[in-house]
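Based on the sequences and whatever the hints tell you, model everything.
Numbering of the sequence shown is given in UniProt numbering, commencing with residue 1 and proceeding in unit increments.
Hints are computed from structural coordinates only; laboratory data are not their basis.
It cannot be assumed that every hint is accurate.
Label pairs and their in silico Cβ distance ranges [what the hints assert, rightly or not]:
1) E6 to N80: 33 to 41 Å
2) E2 to N49: 18 to 26 Å
3) P106 to E32: 17 to 25 Å
4) T5 to N82: 27 to 35 Å
5) N82 to E6: 32 to 40 Å
6) M1 to F59: 21 to 29 Å
7) N80 to T5: 19 to 27 Å
No residue lacks a Cβ here, since even glycine has one placed at the ideal position from N, Cα and C.
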Amino acid sequence: MEIKTEDYYIWHDPETSTVFFRGFLRLAGIEEYKPVMDLLLGALEKSPNFTINLRELQFLNSSGISMLSMFVIKVREKGNVNLALQGSEKILWQTKSLKNLQRLMPGLKVEFA
Numbered sequence: 001m002e003i004k005t006e007d008y009y010i011w012h013d014p015e016t017s018t019v020f021f022r023g024f025l026r027l028a029g030i031e032e033y034k035p036v037m038d039l040l041l042g043a044l045e046k047s048p049n050f051t052i053n054l055r056e057l058q059f060l061n062s063s064g065i066s067m068l069s070m071f072v073i074k075v076r077e078k079g080n081v082n083l084a085l086q087g088s089e090k091i092l093w094q095t096k097s098l099k100n101l102q103r104l105m106p107g108l109k110v111e112f113a
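See below:
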């Protein structure tokens, strides 16, 4: 499973149960993020221990942050998933937004490198 454009690349590595994000993700509205959500949900179905690596995602707009929030809520509702988000301390939007996602799911593990 992957989504590749000139601006961003998102792919799932089933061996590590990780979805990687790279580039600049600025789609126009939540509807345009549906393929990204579908990729995340598809990867989630394959493993109850799941990681999203955002360390190489330089930019994510507010619609993308909303999509991530909705995904975290879906994971919380599912109840039997261990979710980890990996971010970079060097990317400002990540240090602010990823910690806020823990409010939606207190068991969410957020790691910065």
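Results of checking the hints against the structure:
1. At about 38 Å, the CB distance of E6 to N80 agrees with the hint of 33 to 41 Å.
2. Range check, E2 to N49: Cβ separation about 21 Å, and the 18 to 26 Å hint holds.
3. Against the hinted window of 17 to 25 Å, the Cβ-Cβ separation of P106 and E32 comes to about 30 Å, which falls outside the hint.
4. Checked against the hint of 27 to 35 Å, the C-beta distance between T5 and N82 comes to roughly 30 Å, which is consistent with it.
5. Our hint of 32 to 40 Å for N82 and E6 holds, since their Cβ atoms are close to 34 Å apart.
6. Against the hinted window of 21 to 29 Å, the Cβ-Cβ separation of M1 and F59 comes to about 22 Å, which satisfies the hint.
7. The hinted range of 19 to 27 Å is not satisfied by N80 and T5, whose Cβ atoms lie roughly 33 Å apart.
Consistency note: the structure conflicts with the earlier hints numbered 3 and 7.
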